[in-house]
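Enquirer: Below, each chain spelled out in residue letters.
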Amino acid sequence: EAAVTQSPRNKVTVTGGNVTLSCRQTNSHNYMYWYRQDTGHGLRLIHYSYGAGNLQIGDVPDGYKATRTTQEDFFLLLELASPSQTSLYFCASTGTGNAEQFFGPGTRLTVL
Amino acid sequence: TQTVSQSDAHVTVFEGDSVELRCNYSYGGSIYLSWYIQHHGHGLQFLLKYYSGNPVVQGVNGFEAEFSKSDSSFHLRKASVHWSDSAVYFCAVGGSNAKLTFGKGTKLSVKS
Chain A
834 EAAVTQSPRN KVTVTGGNVT LSCRQTNSHN YMYWYRQDTG HGLRLIHYSY GAGNLQIGDV
894 PDGYKATRTT QEDFFLLLEL ASPSQTSLYF CASTGTGNAE QFFGPGTRLT VL
Chain B
23 TQTVSQSDAH VTVFEGDSVE LRCNYSYGGS IYLSWYIQHH GHGLQFLLKY YSGNPVVQGV
83 NGFEAEFSKS DSSFHLRKAS VHWSDSAVYF CAVGGSNAKL TFGKGTKLSV KS
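Here the protein sequences come in this chain order: A and B. Going left to right, the first sequence walks through residues 834 to 945 as our numbering numbers them. Going left to right, the second sequence walks through residues 23 to 134 as our numbering numbers them.
No lab work stands behind these hints, which were simulated from the structure alone. Quick caveat, the model's predicted, so the values are computed rather than measured. Note that CB positions come from ideal geometry on N, CA and C, so glycine has one too. Be aware that a few hints might be false.
[To be verified] Selected chain B positions facing chain A (Cβ under 10 Å, derived; list incomplete): (1) VAL41; (2) ASN46; (3) TYR49; (4) ALA120; (5) GLY125.
[Claimed, not checked] Covered stretches of chain A (in silico footprint by chain B; criterion: 3 or more residues with CB under 8 Å from a CB of chain B, positions within the stretch not fixed): (6) 844-850; (7) 877-884; (8) 933-945.
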């Protein structure tokens, strides 16, 4: 079964803080995604990647950077965190663009 | 631009009842449609997908969905629900750009 792990599972930071969320998949998937989930909005795509070194802009990218260092690892960076970025963040991966996505367990981020 | 609308934020049924969760989409090109389930405190899990062919697709745990091009719909159904089906269900539409756009979700509550 596809495995996607995320760390940390919970994170609290202050406004202006620097945060890195990590995602690793061990299924040799080409595509990886970062979403945020907020009540009333469902899941919204922040950034995604086709492979190591590639980055594509999602639908809500403002305030976020991302980097795909290897096929397995995809990082989401918040360099100046704001309270509006308090959310539940999910990473997902898939082998091809139209296949099912496999989701990680999520990271709950609170920005005070 | 691809959009997804799930008209019901919350649906409540009794165990053994049938249920239909509604999903309407808009997209100009070739698409694929899918449903995901999210149990409380967990990431999303894939249920089923339609890409082409038979408009009725079968998924896990007795779920099925029917694609209708004329109605721009992809409703999810189950003939007899169990209490363990209580969860949030997300409809998603994808196109050639490897992105999925999710609806806001429908929370299904199954009463015993």
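Enquirer: The structure should be examined with respect to each hint, and the outcome stated for every one.
Expert: For each hint, the structure was consulted:
1. With 10 Å as the threshold, the beta carbon of VAL41/B stays out of range of chain A, its nearest partner Cβ sitting at about 19 Å, so the hint is violated.
2. Proximity of ASN46/B to chain A is violated relative to the hint, the smallest CB-CB distance being about 14 Å (cut-off 10 Å).
3. Nearest Cβ of chain A to the Cβ of TYR49/B: about 13 Å, over the 10 Å cut. The hint is violated.
4. Below 10 Å, beta-carbon pairs count as interface contacts, and ALA120/B has one with chain A at about 3 Å; its hint therefore holds.
5. Because the beta carbon of GLY125/B sits about 6 Å from the nearest beta carbon in chain A, less than 10 Å, this interface hint is met.
6. Only when three residues or more bring their CB closer than 8 Å to a CB of chain B does the claim for the region 844-850 of chain A stand; here the count is 0, and the claim is violated.
7. Note: the region 877-884 of chain A has 4 residues with beta-carbon separation from chain B under 8 Å; the three-residue rule is met and the coverage holds.
8. By the rule of at least three residues with a Cβ nearer than 8 Å to a Cβ of chain B, the coverage given for the region 933-945 of chain A holds, with 7 such residues.
Violated hints, in rising order: 1, 2, 3, 6; the structure is consistent with all others.
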